[in-house]
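Visitor: Next come the chains, spelled out residue by residue.
Protein chains: 2
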Amino acid sequence: MHDKIHLNMGSGGLASRELLEEVFLPLLGNEVLNLLDDSAEIALGSERIAFTTDSFTVHPIFFPGGNIGTLSVCGTVNDLAAKGATPVALSAAFTIEEGFPIADLRTIVHSMRDSADLAGAQIVTGDTKVVGKGVMDGIFITTSGIGRVLEGLHIFSGGARPSDLIIISGTAADHGVAILNAREKLGFNPEIRSDVAPVHRIVERISHLGPQIHAMRDPTRGGIAGVLHEIARASRVTIKIVEDAVPVRPDVRACCALLGLDPLSIANEGKLIIFTAPESAETVLECVRKLPEGKEAAIIGEVEAEPYSEGSPPVILETSLGTRRFLPLAEGEPLPRIC
Amino acid sequence: MHDKIHLNMGSGGLASRELLEEVFLPLLGNEVLNLLDDSAEIALGSERIAFTTDSFTVHPIFFPGGNIGTLSVCGTVNDLAAKGATPVALSAAFTIEEGFPIADLRTIVHSMRDSADLAGAQIVTGDTKVVGKGVMDGIFITTSGIGRVLEGLHIFSGGARPSDLIIISGTAADHGVAILNAREKLGFNPEIRSDVAPVHRIVERISHLGPQIHAMRDPTRGGIAGVLHEIARASRVTIKIVEDAVPVRPDVRACCALLGLDPLSIANEGKLIIFTAPESAETVLECVRKLPEGKEAAIIGEVEAEPYSEGSPPVILETSLGTRRFLPLAEGEPLPRIC
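Protein chains in written order, with our numbering: chain F, 1 to 339; chain D, 1 to 339.
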């Protein structure tokens, strides 16, 4: 174990998992936290509640397609959605550097309201801390959310089963590439926009399938590869992904190719990965595609029928050339402050 | 309105209220948020849930009596308690600077677990973001919490009534003075310790009094004065505090006198202010004093019987000399990063 925090430890990749296993889980571990889902599910009276939190430190705070405010609300709504829950109430905690422009804060808070409205949720509680100039860079926002788990849904990362089909609700890597383009002023034209958006409607549309939906995640930090690794690990299954089946916008693909990045490892902020029983996959696909935010949904792979064997690579990529190779879990996101 | 964020805007005083009224409430305002209580109360099925969030940026992160981890858990537990709720589940979101010592993180997380154990709550979900060296100073933690509101309690800042008696559960200003002493190396000896601790047991002990308890707050940023101003404003009452009745440790009083600080305006992190019907005040006091954390509880004032009149000072201090003067709401905490 390292003795100092490395950038990669906040990236959603291998180093993040190490930090979890070395520091957080041994001290805080309990039945709920140990599931390592994006939301915790807790029972309150007769209600099943999803509860989640995320900090946002994205840089730049304004980017094509959204800003840190949009991201903070959608990120939390989507963590609830991936647990099969619709948002009930959100909280927002702001940490702001002295001297930060109030006009920018107003724009950010405006976007938060718009995103919350879109998700049908209210921000019901909050906090603001201000720190001296130089103590931090600009603004960080931490949002938490409470959701109501939709009846019939029991979603957790360990729920994937052999022969499940895997669906993504739209194109891969838009958010990460948009941030990279904006931060590094790569000048891709037309501008690549983040996909930041709430995905709760997708979950509402497929919730009638109930136990046919086995696992869901929103592939943010670490991208699709990160999420597939977590699900494979938690479910003890082997996953196969067909590279050509993953929808990627041409400009995003070009940018990735130029920079040597794999779109499968880049963050999304408005997508959902769904593991479903094979007999329901077409129905799921139809339901998702009927929504504007899901019109590019695609089946991208499956859970292999063979039983999982300890030590074998959990995620296999069938490449454009027809070869099969191990899809690695990145050490970390290529970029810090992606969300 | 200013055009840039000032330090005072995160202090719990007048400037914080201005920021709320100018930016947050016009954009995000709703029936629950507008109450400006430390926790939101929401109905979920047949349950009444309290929901709260707070960011912690305290400096130094280790101080006599606790650390940023203790503070982050107790702060959230206490915001739930002040709403009459016992904690059910907590979340923790970490923002950490690259290079932060993992041994320190482990100590902090250990303290979080100890405080959560003390409060009978589990941390069920979390998040870790790492930012590059220099992007921020060390570690910030944002905790959120869900609690169950105890039966019979209906607590909100607007609940104080004429003739209510006001009780504080212990000595004033310990936390703020401890941080000041630690940060500025004032060298007070013996060391002044922060009072950081959960106060939920106090609430459990008095919950049987139900509707006799009218308002509660934990006096953190802005101190007792800040909380009294908020309750006076929300309840439309005038409050009278007897200076000599407020318990203050001799070393804390000496430190405040030396530095020209008013203990009534300094942060606490393990205290509760309770507004109760006068006929129940002695019972409340007895219940609170039976707990070690409440053994120095005292009646410190009352709500004046006369109706509130617009424009008149809402909080009156009866001084040691027997004179009456207006207790002002400070522009801000004398110190940033107090919690």
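None of these hints come from the bench; they were simulated from the model.
There's no promise every hint is true.
For identical chains, the list gives no copy identity; a pair is met inside one copy or between any two copies.
What the hints assert, rightly or not - Derived lysine to any residue pairs resembling SDA-like cross-links, with alpha carbons at most 20 Å apart:
#  : residue 1 : residue 2
1  : Lys133    : Glu97
2  : Lys4      : Lys133
3  : Lys133    : Leu335
4  : Lys133    : Pro60
5  : Lys240    : Ser280
6  : Lys133    : His59
7  : Lys290    : Ala103
8  : Lys133    : His6
9  : Lys295    : Arg201
10 : Lys295    : Glu98
11 : Lys4      : Pro101
12 : Lys295    : Asp104
13 : Lys290    : Ser207
14 : Lys4      : Pro60
15 : Lys4      : Glu97
16 : Lys4      : Asp104
17 : Lys4      : Gly132
18 : Lys185    : Pro64
19 : Lys185    : Val32
20 : Lys240    : Gly159
21 : Lys185    : Asp3
22 : Lys4      : Gly138
23 : Lys133    : Glu243
24 : Lys4      : His110
Visitor: Out of the numbered hints, which ones does the structure contradict?
Guide: 7, 10, 12, 19, 21, 23
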